[in-house]
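Participant: Using the sequences and the hints, build the whole thing.
Residues per chain are reported as follows:
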Amino acid sequence: MDTIKIVLAGQANVGKSSLINAMTKSRLKVGNFSGVTVEKTEVRFEHHSHMIEIVDLPGTYSINGFSSEEKIARDFLQNEQYDVILNVLDSTHISRNLLLTLELLNMNKKMVIALNMIDEAKKEGLDINAKQIEAITGIKSVAVSSKTKEGIGELLNTIHDVADNEVRAFSNISYSDIIEEQIFKVKKFLDEDDYSYLDLSSREMAIKLLNDDDKFYKEIHDKPVFMELQPLLLKCHDNIHNYHNTKSHADIQAIEHYAIAKGITAETTHKKTTNNKTLTKKIDDILINKFIGIPIFLFLMWGLFQLTFEFGSIPMDYIDMGFGLLSEAVKSSIAHEGLSSLLSDGIIAGVGAVVLFLPNIIILYIGIALLETTGYMSRVAFLLDGFFHKFGLHGKSFMPLVTGFGCSVPAYMATRTLKNEKDRLITLFIIGFMSCGAKLPIYVLFAGAFFDSDNAGNVLFAIYIAGALLGLVMAKILRMLVFKGEDEPFVMEMPKYRLPTIKLIYIIVSQKALSYLKKAGTFILAASILIWFASTYPKSNSDNPSIQLEQSYLGQLGKASVPFFAPLGFDWKLTVALETGLAAKEVVVATLGILYNIGEDVSEDDNRLLDKLKKEVPFATAMAFVVFSMIYLPCFAASMVFAKETGGYKYLLYLFVFTTGVAWIMSFITYRLLL
Amino acid sequence: MTILALLIIITILNMNIKIKRNGLKLSNLKEKKEAIIKEIKCNDELKQRFYSFGIIKGANIFVKEVSLRNNTMVIDIENTEIAIRVEEAEQIEVDKI
Ligand SMILES: Nc1nc2c(ncn2[C@@H]2O[C@H](COP(=O)(O)OP(=O)(O)OP(=O)(O)O)[C@@H](O)[C@H]2O)c(=O)[nH]1
Ligand SMILES: [Mg+2]
Chain L
1 MDTIKIVLAG QANVGKSSLI NAMTKSRLKV GNFSGVTVEK TEVRFEHHSH MIEIVDLPGT
61 YSINGFSSEE KIARDFLQNE QYDVILNVLD STHISRNLLL TLELLNMNKK MVIALNMIDE
121 AKKEGLDINA KQIEAITGIK SVAVSSKTKE GIGELLNTIH DVADNEVRAF SNISYSDIIE
181 EQIFKVKKFL DEDDYSYLDL SSREMAIKLL NDDDKFYKEI HDKPVFMELQ PLLLKCHDNI
241 HNYHNTKSHA DIQAIEHYAI AKGITAETTH KKTTNNKTLT KKIDDILINK FIGIPIFLFL
301 MWGLFQLTFE FGSIPMDYID MGFGLLSEAV KSSIAHEGLS SLLSDGIIAG VGAVVLFLPN
361 IIILYIGIAL LETTGYMSRV AFLLDGFFHK FGLHGKSFMP LVTGFGCSVP AYMATRTLKN
421 EKDRLITLFI IGFMSCGAKL PIYVLFAGAF FDSDNAGNVL FAIYIAGALL GLVMAKILRM
481 LVFKGEDEPF VMEMPKYRLP TIKLIYIIVS QKALSYLKKA GTFILAASIL IWFASTYPKS
541 NSDNPSIQLE QSYLGQLGKA SVPFFAPLGF DWKLTVALET GLAAKEVVVA TLGILYNIGE
601 DVSEDDNRLL DKLKKEVPFA TAMAFVVFSM IYLPCFAASM VFAKETGGYK YLLYLFVFTT
661 GVAWIMSFIT YRLLL
Chain G
1 MTILALLIII TILNMNIKIK RNGLKLSNLK EKKEAIIKEI KCNDELKQRF YSFGIIKGAN
61 IFVKEVSLRN NTMVIDIENT EIAIRVEEAE QIEVDKI
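Chains L and G supply the protein sequences, listed in that same order.
Using my numbering, you'd call the opening residue of the first sequence number 1 and step up by one each time.
Using my numbering, you'd call the opening residue of the second sequence number 1 and step up by one each time.
In short, the hints are calculated from the structure, not lab data.
Hints are supplied without guarantee of correctness; some may be wrong.
[As the list claims (entries may be wrong)] Partial list, derived from the structure: chain G residues whose beta carbon lies under 10 Å from chain L: (1) K38; (2) N70; (3) I84.
Positions of the beta carbon are idealized from the N, C-alpha and C atoms, including for glycine.
Facilitator: Dropping the structure here:
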């Protein structure tokens with residue numbers, strides 16, 4: 001079976017990933033802001049008994065783009081092997097999107113144009129003539145919508161045909177008269193000489209020469225024909241420079257392309273209605289307003305954390321009860337003491353403590369998904385840019401930081417949209433201050449235990465805000481002491497507001513919820529067994545469960561490191577929980593669940609972890625613990641990604657020292673203040 | 001001597017006029033004002049980014065919102081909203097309409 005390799009290229013946020021999702025059954029990450037895809041991703045599927053391999057690339061505004069994810073796209077397009085470029089355009093912004101198309105055409109590869117978001121264009125009263133675009137550019141063009149799936153089948157067939165076709169279609173684009181004259185001269189020269197190179201037409205070769213194409217220059221430079229060609233080229237270049245009154249090739253190309261793009265748009269699209277104020281603009285009159293924009297954002301965040309706590313606690317009580325009953329049932333039905341303890345005190349206590357917080361996690365993830373898919377994200381980046389700038393951060397750092405509230409791993413990868421290396425490093429270092437979803441259980445647990453339910457949501461909000469602010473202060477310190485340097489320019493597109501479909505939100509959230517559950521069932525399960533084992537053995541002679549616990553392996557480990565944490569008021573159990581939490585943050589609550597379960601009298605009537613903590617841990621210690629877990633090193637998986645993204649384990653060591661140091665100092669302060 | 005002095009004065013006057021003519025920057029534009037881009041003076045890297053957003057000589061630009069402290073602005077160009085810092089806006093010269 002032949003494989004057709006297709007690569008997607010298009011500006012940011014035009015719906016490349018959505019289009020792949022619509023064509024295949026994959027579920028690539030989609031979001032309504034620039035820079036969702038930061039890595040090339042491959043998807044394979046079958047179409048008309050051909051294997052099709054399709055590569056999603058990060059959005060590129062221009063082939064000459066500078067950010068690291070734009071470089072990924074360029075390198076792939078220029079150096080890799082593939083059959084067809086699928087150039088995706090946003091139908092509602094044809095003219096700007098065509099600028100990239102024109103650059104892509106100069107690569108002389110087989111190409112198909114997908115005019116995506118045709119549903120939106122129709123709604124906006126835009127009438128787009130795909131056939132006309134095809135006629136002008138010479139490139140097959142299909143109007144599609146990844147939302148309604150209109151045109152998807154036709155697009156697939158078109159790609160298939162183009163890939164199968166022996167010959168590559170040549171571009172029909174014509175430049176301004178002055179350029180065309182020069183092209184004509186060079187082309188004529190090449191024709192007379194019968195010069196040929198790969199599958200290029202003489203016109204394409206002429207354009208390459210006038211474009212100062214490095215590769216082609218090298219190729220032709222050593223040939224005898226270059227002797228005569230050179231003076232001609234010099235003259236042609238001169239003509240162009242004189243006409244355009246500049247020697248900058250980039251400027252000339254921009255002017256030419258801009259004019260062509262405008263021309264094509266004018267000939268191929270018609271606006272039927274003239275509603276001059278779009279919905280997006282109306283919404284933005286309010287949401288990015290200089291006076292109320294930020295208060296609205298803070299209010300929305302506050303609301304999210306209220307919901308996280310309030311709604312989250314409803315199913316939570318049932319889940320808690322369920323695990324409690326299960327534990328009882330195991331204890332009463334399994335006679336073997338060790339096995340029964342492993343199941344109820346180890347696995348059920350550990351895994352249960354983690355699963356308990358699934359409802360909270362889901363609500364938080366819904367919040368983040370809405371931020372990502374509605375288009376609000378970029379607005380907040382704008383609102384906060386001035387503020388961020390003061391702390392030495394880039395407005396675009398906001399996207400990775402928000403992603404960090406979900407999970408640090410994708411957040412570290414998302415920093416690739418920052419092209420200035422120092423901005424990127426600072427952002428990488430402070431992402432950990434944005435508490436990830438796995439830390440939410442710790443906060444919900446302690447907020448629930450130490451505050452009444454009216455206030456717990458506020459406390460949650462305060463914890464997140466405090467973490468974020470601390471992160472900003474750290475950014476400032478890093479900027480002043482370590483990463484001094486130039487500012488990166490801030491020019492960012494704000495996408496249209498889009499109402500995400502329920503299905504999209506469901507896909508995003510369910511993926512994350514499932515992976516949380518999966519982690520609970522695998523990693524946390526294994527960790528729980530280990531923790532149970534290390535806290536049950538070796539058996540001592542004492543009958544008192546808490547003495548037995550203290551003499552276990554885990555007890556010994558905790559006791560050994562407790563001096564380091566003693567000034568913060570932590571006992572050995574909390575110490576151990578922090579240490580096991582280095583593997584994954586969910587393990588912190590799992591550990592607490594097990595340790596406070598084992599060391600208890602069985603006669604206790606109230607068995608909830610929450611109540612046990614309230615009884616055994618002083619308030620100041622609890623808060624210091626929250627602060628410590630908020631700041632210290634992210635989980636193992638995230639640490640590895642951090643090392644990879646920063647480019648060295650050296651940085652991971654710095655991160656370890658930096659976060660542990662800050663965590664210790666901040667929780668010491670907290671402890672002392674509250675004592 | 002007098003001729004030289006005159007020449008100098010004329011040159012200075014000329015320069016002055018030039019500065020005035022080149023005066024209006026995007027960053028000076030007030031909220032809800034419209035203008036046409038006259039010239040972009042910045043490094044190639046930034047220029048490339050501007051171009052890809054359609055920020056190019058001759059394009060129409062509308063200032064939608066300026067942040068409270070004049071740090072950042074949102075401009076509307078070809079129906080797209082773009083956030084841009086004042087430092088970057090200073091490098092774009094415009095003519096009021
Ligand atoms: N109405 C409508 N919305 C669409 C369509 N295709 C994509 N979208 C929305 O456009 C936004 C961007 O989609 P993505 O697929 O993430 O875009 P992308 O080109 O992969 O973006 P980057 O990876 O950031 O370059 C999302 O909010 C999508 O839901 C479409 O055909 N119609
Ligand atoms: Mg994408």
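Participant: Close enough to count: is the Cβ of G:K38 nearer than 10 Å to one in chain L?
Facilitator: This hint is violated: G:K38 lies away from chain L, its Cβ roughly 14 Å from the closest one there, beyond 10 Å.
Participant: Please check whether G:N70 passes as an interface residue: C-beta within 10 Å of a C-beta belonging to chain L.
Facilitator: At about 9 Å, which falls below the 10 Å cut-off, the nearest Cβ of chain L leaves the hint on G:N70 intact, so it holds.
Participant: Hey, does the G:I84 contact hint survive, CB to chain L under 10 Å?
Facilitator: holds, 5 Å
The structure fails to meet hint 1 from the earlier list, while all remaining hints are met.
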